[in-house]
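Could you put together the complete structure from these sequences and hints?
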Amino acid sequence: MPVSKEVYLDNSATTRVFPEVVRLMDKIYLEEYGNPSSMHHKGVEAENEIRRAKETLAGILKCQPKNLYFTSCGSESDNIAILGGALANCRQGRHLVTTRIEHPAVLESMKYLESQGFTVTYLPVDANGHVSAEQVRDAVREDTILVSIMFTNNEIGAVEPVADIGAAIKEKNPRTLFHVDAVQAFGKEEILPGRMHIDFLAASGHKIHAPKGVGLLYVADGVKVRNLIFGGGQQNGLRSGTENVAGIAGMALAAQMLYGNLAAEREQLFAMKEHFILRMRELENVRFNGIPALSAPGEANTSPQESAAVPAEELSASIRTTAPQVLSLTVPGVRAEVLLHALEDRNIYVSSGSACSSNRPHLSETLKAIGVHGDELDSTIRLSTSVMNTMEDMDAAADALLSIVPMLRRYTRQ
Amino acid sequence: MEYQSFLIKYAEIGVKGKNRYLFEDALVQQMRIALKKCSGAFTVHRTSGRIFVEAKGACDTEEVVNALQHVFGIVGVCPMAERPIEPYPELEKDVVAFFGEEYPDRHRTFKVHCRRQDKTYPMNSQEIDEALGGALLDAYPELKVDVHHPDVMVTVEIREKIYIYTHILPGPGGLPVGSAGKAMLLLSGGIDSPVAGWMMAKRGLKLDAVYFNAPPYTSERALQKVEDLAAEVAAYTGPIWLHNINFTEIQLAIYDKCPHDELTIIMRRFMMRIAEKIARGTACGALITGESLGQVASQTMRSLECTNAVCTLPVFRPLIGFDKEDIVTVSKKIGTYDTSILPYEDCCTIFVAKHPVTKPILDVIERHEHHLDDIIGEMVDKALETDEIIIVDAEGKRVLKHREDPLTGGM
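Just so you know, the protein sequences line up as chains A and B, in that order.
Every letter in the first sequence is one number past the one before it in the numbering used here, and letter 333, counting from 1, is 333.
Every letter in the second sequence is one number past the one before it in the numbering used here, and letter 126, counting from 1, is 126.
Hints are computed from structural coordinates only; laboratory data are not their basis.
We treat Cβ as the ideally placed atom computed from N, Cα and C, and that holds for glycine.
A couple of the hints might just be wrong.
[As the list claims (entries may be wrong)] Here are some chain B residues pointing at chain A (derived, C-beta under 10 Å):
hint, residue
1, Gln126
2, Ile350
3, Asp374
[As the list claims (entries may be wrong)] If you want the ones that stay clear, here's a sample from chain A, every Cβ over 12 Å from chain B, calculated:
hint, residue
4, Gly222
5, Thr321
6, Arg346
7, Thr412
[Claimed, not checked] In silico EDC-like pairs for lysine to aspartate or glutamate, Cα to Cα no more than 20 Å straight-line:
hint, chain 1, residue 1, chain 2, residue 2
8, B, Lys382, A, Asp345
9, B, Lys257, B, Glu378
10, B, Lys354, A, Asp375
This is the structure:
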């Protein structure tokens with residue numbers, strides 16, 4: 001059998017680095033390898049790379065370069081925002097608010113704070129994974145010091161109404177800080193921390209075609225935050241440690257490339273998503289999670305056959321309210337891990353909804369939160385695209401699923 | 001204290017008859033292989049009933065002892081001080097100094113035991129024992145003599161050189177790998193099978209292993225786990241040839257044609273058949289499994305009868321009388337436990353029925369197996385063709401034959 005072309009549909013896990021980014025980093029590794037803290041020319045050269053990167057990213061987020069800090073990953077940015085934010089402001093109160101569908105970097109930080117005597121409210125989400133501004137407003141109290149809401153959910157692609165939530169929080173309690181985990185959204189959505197009342201924002205390099213090992217943290221003016229790493233006092237003491245110059249420059253270049261053409265890229269991703277969903281109509285009994293038009297009231301999700309009844313424009317518009325790059329597909333009767341390996345065998349890479357290749361996968365809290373239950377929790381895969389994917393990739397994945405799924409459904413555990 | 005040479009004690013080999021040299025040669029060979037992994041150069045030589053390891057130049061004592069403690073057949077490793085044949089007064093000084101360094105705390109009982117193989121040495125063993133005992137008591141007044149149950153046995157051997165030692169570090173015992181031939185281990189990735197392999201290797205078997213892979217139902221990481229386990233066992237046995245067999249098609253065929261509660265038994269019968277075929281083709285004289293009586297449905301006496309019926313090679317089941325806890329204890333001791341408990345599904349569990357038969361009847365199983373008659377021969381041949389041989393050593397792995405077919409070809 002000829003080896004088929006690699007189809008990588010796991011871009012929400014990580015992405016392939018842009019060749020331009022590799023070339024820039026290569027130059028920095030080989031030529032501008034100085035320590036940005038050094039006094040001499042090599043140091044200045046490296047510092048300039050960081051300055052340029054900050055300016056680029058500040059331009060994208062419409063903020064000041066001084067609002068930006070570089071970390072080692074999205075998780076670290078989330079940790080600094082939540083732990084550092086809570087520690088610096090704990091005299092004001094000890095209450096935090098978040099949702100049930102956050103990334104573990106947020107949820108585990110919250111759990112740690114709970115163990116340290118803080119109180120956390122975990123908001124439920126609706127069948128499409130949305131939390132409303134009203135819910136957040138109701139949860140915020142006099143002693144609420146921080147609210148953490150993700151921009152885009154990594155598992156089902158729900159996009160939260162961040163701007164409305166930001167306004168609602170500040171209206172209820174102007175002193176409450178608002179942290180947004182934008183790891184999945186950065187590079188895909190227009191994000192304006194200032195206008196959205198965001199105080200902290202976390203992003204990651206390797207989700208946007210930059211390398212692993214670099215993260216971004218936005219901190220709004222005048223926000224108090226405690227550092228978690230102690231050392232040489234780099235980055236205003238908030239994040240000591242020699243900066244990952246090449247990674248930082250790479251992340252800025254990747255962001256620049258993506259944001260230079262954002263509307264067209266989003267349309268490309270949406271078109272691929274829509275095409276895939278339509279192709280899946282040929283397959284019996286599969287469901288898409290997190291797409292409002294495919295979700296009957298009170299139901300988690302609906303099969304695409306029923307979606308045939310949904311007018312094309314309505315479906316199309318509905319898809320465009322979700323994340324362009326994330327597709328969550330439940331295939332009842334097939335274990336996600338098996339489906340993943342069967343696709344892998346055809347050189348197609350996706351992830352299982354539970355993202356844990358174990359005997360007893362710890363089941364996805366996000367899927368539970370939107371009302372997926374029972375065996376279906378373990379029958380959900382995620383396809384996540386990037387600008388490097390094409391319509392042919394979506395067809396290849398659809399073709400593969402159409403032939404594999406009926407086969408796998410014949411053999412199920414009794 | 002840095003040692004230059006080591007005396008190796010071996011017990012069971014000593015009682016062998018005329019073929020004793022075969023065991024000793026095998027042991028020396030295994031020791032040489034083990035020492036190759038240590039930094040420095042070593043000579044291993046055998047003289048009447050003793051094996052000596054000598055470092056040429058500096059060596060890392062701890063590393064050498066650890067390597068030798070993984071060689072089956074060795075019951076004790078004694079790090080020694082080595083002196084030329086020297087007059088008694090010098091010998092006395094050396095023994096006193098050596099003891100002083102070995103035991104900074106001298107509130108102990110001791111006994112000196114000299115063996116004089118070199119009968120030209122002017123004093124006999126008895127005289128040397130007494131003289132050295134006196135000298136040690138003079139030098140370290142805290143010491144006491146106890147000739148029956150000494151805390152410290154100071155041994156002095158006078159041969160072509162004089163060897164002095166006071167410590168015996170335990171080895172794994174058993175018989176040298178390879179001295180009993182070679183056998184095929186059915187390695188699953190669980191806790192039991194690596195222990196079973198280790199135990200049989202300890203009785204002198206060289207190991208090959210077979211793993212049944214069922215993509216896409218099992219993952220690449222499950223194979224990696226089995227390779228890691230094989231590598232951990234290989235730390236004792238030397239390189240293991242791991243045969244990776246694609247079992248998916250056979251499993252699905254059984255699922256299609258046979259009663260589901262007999263699936264595991266029938267599947268195991270095919271595993272045994274395939275393992276035996278490979279064993280016969282690779283000069284293995286037996287199969288080894290990690291079965292333990294009554295542990296699961298497929299390991300009851302009746303189930304074992306059914307799986308045993310398909311092969312003629314002896315099947316070694318060293319864990320048959322072990323409790324799970326005992327197996328876990330050995331598994332932790334030999335260092336495979338932490339890998340074994342990694343949670344990847346293996347092909348034994350993917351289609352397992354809720355209530356598998358525990359008292360299968362051989363006739364019935366055979367009758368149901370006949371449902372597969374027209375396809376199974378070809379499927380077994382095909383599975384054998386998928387055989388990918390991975391040579392696994394404690395230090396790494398090397399793939400001998402790559403499988404080129406897609407994993408789910410024919411699905």
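Going through the hints against the structure:
1. Gln126: Given a least distance of 66 Å, the restraint on Gln126 of chain B is violated.
2. Ile350: With a minimum Cβ separation of about 7 Å from chain A (threshold 10 Å), the hint on Ile350 of chain B holds.
3. Asp374: violated, 19 Å
4. Gly222: holds, 48 Å
5. Thr321: holds, 34 Å
6. Arg346: violated, 8 Å
7. Thr412: violated, 8 Å
8. B:Lys382 x A:Asp345: holds, 18 Å
9. B:Lys257 x B:Glu378: The given pair, whose Cα atoms are some 16 Å apart, holds under the 20 Å limit.
10. B:Lys354 x A:Asp375: holds, 16 Å
When each numbered hint is compared with the structure, violations occur for hints 1, 3, 6, 7.
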